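*Asks:* This is what each chain is made of:
There are 2 protein chains.
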Amino acid sequence: MKHVTIKDVAKKLNCSVSTISRAFNDKYDIKKETRDHILATAAAMGYSPNPIAKSLLKQCSNQIGVVVPEFINSFFPEVIIGIQEVLIKKGYQVLIMQSNESQITELENIKTLENNMIDGMIVSLSLGTQNVEYYKNLIAQGFPLVLFNRVSNELDTSKVVFDDYKWAFFATEHLIYQGYKHIFHFGGPSGHIFTQKRKDGFIDAHRKHKLPIDDNNIIETGLMIADGERVMEKLINEGNLPDAIFAVNDPTAIGAMKMLRKHGYKIPNDVALVGFTESSLAELIDPPLTSVAQPTHEIGKTAARLLLEQIESKGIFVPQTVILNGRLNVRESSMKLK
Amino acid sequence: MKHVTIKDVAKKLNCSVSTISRAFNDKYDIKKETRDHILATAAAMGYSPNPIAKSLLKQCSNQIGVVVPEFINSFFPEVIIGIQEVLIKKGYQVLIMQSNESQITELENIKTLENNMIDGMIVSLSLGTQNVEYYKNLIAQGFPLVLFNRVSNELDTSKVVFDDYKWAFFATEHLIYQGYKHIFHFGGPSGHIFTQKRKDGFIDAHRKHKLPIDDNNIIETGLMIADGERVMEKLINEGNLPDAIFAVNDPTAIGAMKMLRKHGYKIPNDVALVGFTESSLAELIDPPLTSVAQPTHEIGKTAARLLLEQIESKGIFVPQTVILNGRLNVRESSMKLK
DNA sequence: TTGTACGCGTTATCAC
DNA sequence: GTGATAACGCGTACAA
Numbered sequence: 001m002k003h004v005t006i007k008d009v010a011k012k013l014n015c016s017v018s019t020i021s022r023a024f025n026d027k028y029d030i031k032k033e034t035r036d037h038i039l040a041t042a043a044a045m046g047y048s049p050n051p052i053a054k055s056l057l058k059q060c061s062n063q064i065g066v067v068v069p070e071f072i073n074s075f076f077p078e079v080i081i082g083i084q085e086v087l088i089k090k091g092y093q094v095l096i097m098q099s100n101e102s103q104i105t106e107l108e109n110i111k112t113l114e115n116n117m118i119d120g121m122i123v124s125l126s127l128g129t130q131n132v133e134y135y136k137n138l139i140a141q142g143f144p145l146v147l148f149n150r151v152s153n154e155l156d157t158s159k160v161v162f163d164d165y166k167w168a169f170f171a172t173e174h175l176i177y178q179g180y181k182h183i184f185h186f187g188g189p190s191g192h193i194f195t196q197k198r199k200d201g202f203i204d205a206h207r208k209h210k211l212p213i214d215d216n217n218i219i220e221t222g223l224m225i226a227d228g229e230r231v232m233e234k235l236i237n238e239g240n241l242p243d244a245i246f247a248v249n250d251p252t253a254i255g256a257m258k259m260l261r262k263h264g265y266k267i268p269n270d271v272a273l274v275g276f277t278e279s280s281l282a283e284l285i286d287p288p289l290t291s292v293a294q295p296t297h298e299i300g301k302t303a304a305r306l307l308l309e310q311i312e313s314k315g316i317f318v319p320q321t322v323i324l325n326g327r328l329n330v331r332e333s334s335m336k337l338k
Numbered sequence: 001m002k003h004v005t006i007k008d009v010a011k012k013l014n015c016s017v018s019t020i021s022r023a024f025n026d027k028y029d030i031k032k033e034t035r036d037h038i039l040a041t042a043a044a045m046g047y048s049p050n051p052i053a054k055s056l057l058k059q060c061s062n063q064i065g066v067v068v069p070e071f072i073n074s075f076f077p078e079v080i081i082g083i084q085e086v087l088i089k090k091g092y093q094v095l096i097m098q099s100n101e102s103q104i105t106e107l108e109n110i111k112t113l114e115n116n117m118i119d120g121m122i123v124s125l126s127l128g129t130q131n132v133e134y135y136k137n138l139i140a141q142g143f144p145l146v147l148f149n150r151v152s153n154e155l156d157t158s159k160v161v162f163d164d165y166k167w168a169f170f171a172t173e174h175l176i177y178q179g180y181k182h183i184f185h186f187g188g189p190s191g192h193i194f195t196q197k198r199k200d201g202f203i204d205a206h207r208k209h210k211l212p213i214d215d216n217n218i219i220e221t222g223l224m225i226a227d228g229e230r231v232m233e234k235l236i237n238e239g240n241l242p243d244a245i246f247a248v249n250d251p252t253a254i255g256a257m258k259m260l261r262k263h264g265y266k267i268p269n270d271v272a273l274v275g276f277t278e279s280s281l282a283e284l285i286d287p288p289l290t291s292v293a294q295p296t297h298e299i300g301k302t303a304a305r306l307l308l309e310q311i312e313s314k315g316i317f318v319p320q321t322v323i324l325n326g327r328l329n330v331r332e333s334s335m336k337l338k
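So the sequences go chain by chain: E and U.
The numbering used here numbers the first residue of the first sequence as 1 and each following residue consecutively.
The numbering used here numbers the first residue of the second sequence as 1 and each following residue consecutively.
Hints in this document: simulated from the structure, not taken from any laboratory.
These figures come from a predicted structure and were not determined experimentally.
Treat the hints with caution; some may be incorrect.
Which chain U residues face chain E? A few, computed with CB under 8 Å, are given here [claimed, not checked]:
1) I52
2) G91
3) L95
4) T112
5) N153
6) I254
With a Cα cut of at most 20 Å, we get these calculated EDC-like pairs of lysine to aspartate or glutamate [unchecked claim]:
7) U:K258 with E:D286
8) E:K258 with U:D286
9) U:K89 with E:E101
10) U:K266 with E:E298
11) U:K89 with U:D286
12) E:K89 with E:E298
13) E:K111 with U:E85
14) E:K262 with U:D286
15) U:K258 with E:E332
16) E:K262 with U:E298
17) U:K266 with E:E101
18) U:K58 with E:D8
19) U:K90 with E:E332
20) U:K89 with E:D8
21) E:K266 with U:E85
22) E:K301 with U:E70
23) E:K89 with U:E85
24) E:K166 with E:E108
C-beta atoms are modelled at their ideal positions from N, C-alpha and C, and glycine is treated no differently.
Full structure from sequences and hints, please.
*Replies:* This is how it looks when you write it as structure tokens:
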């Protein structure tokens with residue numbers, strides 16, 4: 001397990017290491033034939049410049065770090081594919097880490113990546129992340145950082161976000177137009193912007209249509225299928241059923257759906273459902289779930305582009321926030337009341 | 001964006017770099033109070049040893065690379081979580097890359113990771129990977145490598161596999177016991193062990209039960225939902241419908257299901273379905289899909305453990321193949337014929 | 001056009 | 001118990 005180094009090649013060719021180096025970084029004068037010869041023998045020997053050494057020297061690594069909270073739902077993997085599409089073309093390698101929704105793991109990941117001398121970072125904050133001091137430091141030092149979806153108002157850096165308020169509003173309004181009047185919102189964990197925005201959209205749609213609404217309509221649920229199941233089961237046991245539910249995301253909607261089905265309720269006749277953050281699940285389940293679709297690939301690509309801009313614009317950079325558009329995919333789970 | 005280095009700390013404390021270094025690697029003699037003092041000021045200055053420099057010196061990085069073909073289906077992400085569970089506890093960082101089912105990208109990923117001086121690698125081969133010469137080289141050099149699920153017989157290294165043959169046999173037999181006689185197999189891409197094994201299980205279950213079977217029962221399909229849809233549509237158009245389908249994986253089964261539903265066919269009454277490689281989808285779709293469940297977390301954990309064994313046993317190491325067990329989850333999509 | 005020498009941040013091996 | 005220094009592999013200013 002011995003790496004071939006530049007010295008080995010130099011020795012073999014009876015020339016100095018700098019000549020070899022020059023052959024690989026062709027910005028210096030070097031005789032074309034010697035260069036070709038060097039490149040050929042180097043290839044034959046299986047030599048390639050050691051990026052670790054290069055990183056140490058140049059203080060950067062041509063690597064980009066990505067930290068996401070999870071990748072069980074298809075959302076983050078799809079975003080990552082978008083990120084890679086842009087960055088790999090530019091010659092960057094993409095290192096992915098997941099924080100498992102834990103602030104501690106997230107911070108460890110960030111530090112690991114930073115220590116690896118990555119040139120920039122794309123992050124979606126974990127649910128557990130309350131304290132963003134570390135990021136403030138990074139930003140203050142001018143470290144290229146782009147946040148997406150799970151962002152923080154306290155951080156002054158480029159962001160790619162989705163207009164959660166608007167689409168939550170539309171989704172709720174859709175239910176209202178369909179004739180539903182007693183609607184519950186299964187909300188996300190408190191303290192997160194997207195949770196608040198989706199809740200606000202839900203509330204304001206009610207206000208616009210002069211439908212009564214109070215705290216009882218809104219139940220903090222979580223983000224996982226199990227959360228939706230748990231809350232739905234409680235409601236069923238209490239006999240406290242709404243006409244319809246607007247869930248903070250698809251998994252909670254699906255959890256609710258599973259529990260309703262288990263207890264013999266019909267969807268949408270007994271309870272209508274609308275989800276958020278389209279996963280591939282929505283159109284496959286029974287019945288197909290109405291949901292707000294986010295442009296996952298586009299989110300990734302945009303985040304990558306913003307990061308590149310910041311990296312290339314050494315210093316003189318003004319953070320931007322890009323708001324991307326979505327779509328409400330109406331399916332059977334929210335069909336009109338008969 | 002300037003890192004605090006060991007020199008900065010040494011200067012601040014008016015001592016030599018070696019003293020600082022010793023304070024951080026407490027295997028050498030150092031006065032306890034000076035050590036504590038150093039550690040305290042170092043922390044205050046935000047210093048931590050640079051892993052890049054350490055890697056260069058030690059020729060290893062405490063990092064493990066993971067390369068998977070994709071992470072759109074929940075399978076690989078779940079395996080990765082298992083991998084991380086074991087490795088992070090041991091102080092390793094896990095770098096994840098995806099090959100997008102392309103041999104070229106896979107090879108680039110491998111080289112990137114190798115260049116990063118990772119201490120070992122866990123890989124699941126992409127569909128596009130025909131040539132495994134590069135891996136042979138790695139193995140010959142004693143580089144720690146563990147393969148899982150998408151493995152190659154040509155490579156003599158530790159592997160974590162699933163008994164595809166056995167479970168394909170069981171899944172097919174289940175359909176036969178349910179009374180289905182004219183069964184199709186939607187197969188995976190040829191040239192891959194798991195494809196072949198699942199096909200063999202399908203065939204041998206027929207042989208055991210003396211059911212006629214020929215090449216027409218087996219259709220090379222692919223691995224994605226779209227593949228299942230395409231093949232199913234063709235069969236529908238040709239009026240060539242089986243009683244039941246055993247699909248190489250869940251997405252193809254789901255693709256078939258979607259297309260059947262679209263054309264008004266009932267499942268399982270018109271066509272029964274069984275999938276493979278349980279995704280979270282199986283129990284959520286309509287109707288719930290009978291499928292072979294693989295122990296995703298366990299696959300990841302086992303692969304990680306095998307890798308650790310190899311890393312720790314410098315040299316004197318015999319590759320092992322671990323075969324993990326699964327389960328056939330019987331659901332509505334393959335209920336008994338009436 | 002090519003070679004020499006230094007430095008990137010560490011740790012290990014010597015001295016002292 | 002502590003300090004100086006070589007080495008890891010590379011790029012580049014400078015000298016030749």
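*Asks:* When you check the alpha-carbon spacing of K89 (chain U) and D8 (chain E), does it fall within 20 Å?
*Replies:* This hinted pair is violated, its Cα atoms lying about 37 Å apart.
*Asks:* Quick one, is the G91 (chain U) hint okay against chain E at 8 Å, beta carbons?
*Replies:* violated (11 Å)
*Asks:* Would you check the hint for K89 (chain E) and E298 (chain E), treating anything up to 20 Å between C-alpha atoms as holding?
*Replies:* holds (16 Å)
*Asks:* Straight-line Cα separation of K266 (chain U) and E298 (chain E) no greater than 20 Å?
*Replies:* With a Cα-Cα distance of about 37 Å, the restraint between K266 (chain U) and E298 (chain E) is violated, given a limit of 20 Å.
*Asks:* Against chain E, run the beta carbon of N153 (chain U) and see if the smallest gap drops under 8 Å.
*Replies:* violated (24 Å)
*Asks:* Taking only the CA atoms, is the gap from K266 (chain E) to E85 (chain U) under or equal to 20 Å?
*Replies:* violated (40 Å)
*Asks:* Would the pair K89 (chain E) and E85 (chain U) pass a check requiring their Cα atoms to be no farther apart than 20 Å?
*Replies:* Violated: K89 (chain E) and E85 (chain U) sit about 32 Å apart, past 20 Å.
*Asks:* Has the given pair, K89 (chain U) with D286 (chain U), been kept, meaning a C-alpha gap of at most 20 Å?
*Replies:* violated (40 Å)
*Asks:* Can we keep the I254 (chain U) interface hint, with Cβ of chain E closer than 8 Å?
*Replies:* Nearest chain E Cβ about 6 Å off; hint holds.
*Asks:* CA of K262 (chain E) to CA of E298 (chain U), is that 20 Å or under?
*Replies:* Given that 20 Å is the threshold and the Cα spacing comes to 30 Å, the pair is violated.
*Asks:* Would the hint linking K58 (chain U) and D8 (chain E) be met if the CA-CA limit is 20 Å?
*Replies:* Distance ~19 Å between K58 (chain U) and D8 (chain E) Cα, so the pair holds.
*Asks:* Between K166 (chain E) and E108 (chain E), is the straight-line Cα distance small enough, at 20 Å or below?
*Replies:* Distance of about 35 Å is beyond 20 Å: violated.
Taken one by one, the earlier hints fail for this structure at numbers 2, 5, 10, 11, 16, 17, 19, 20, 21, 23 and 24, listed in ascending order.
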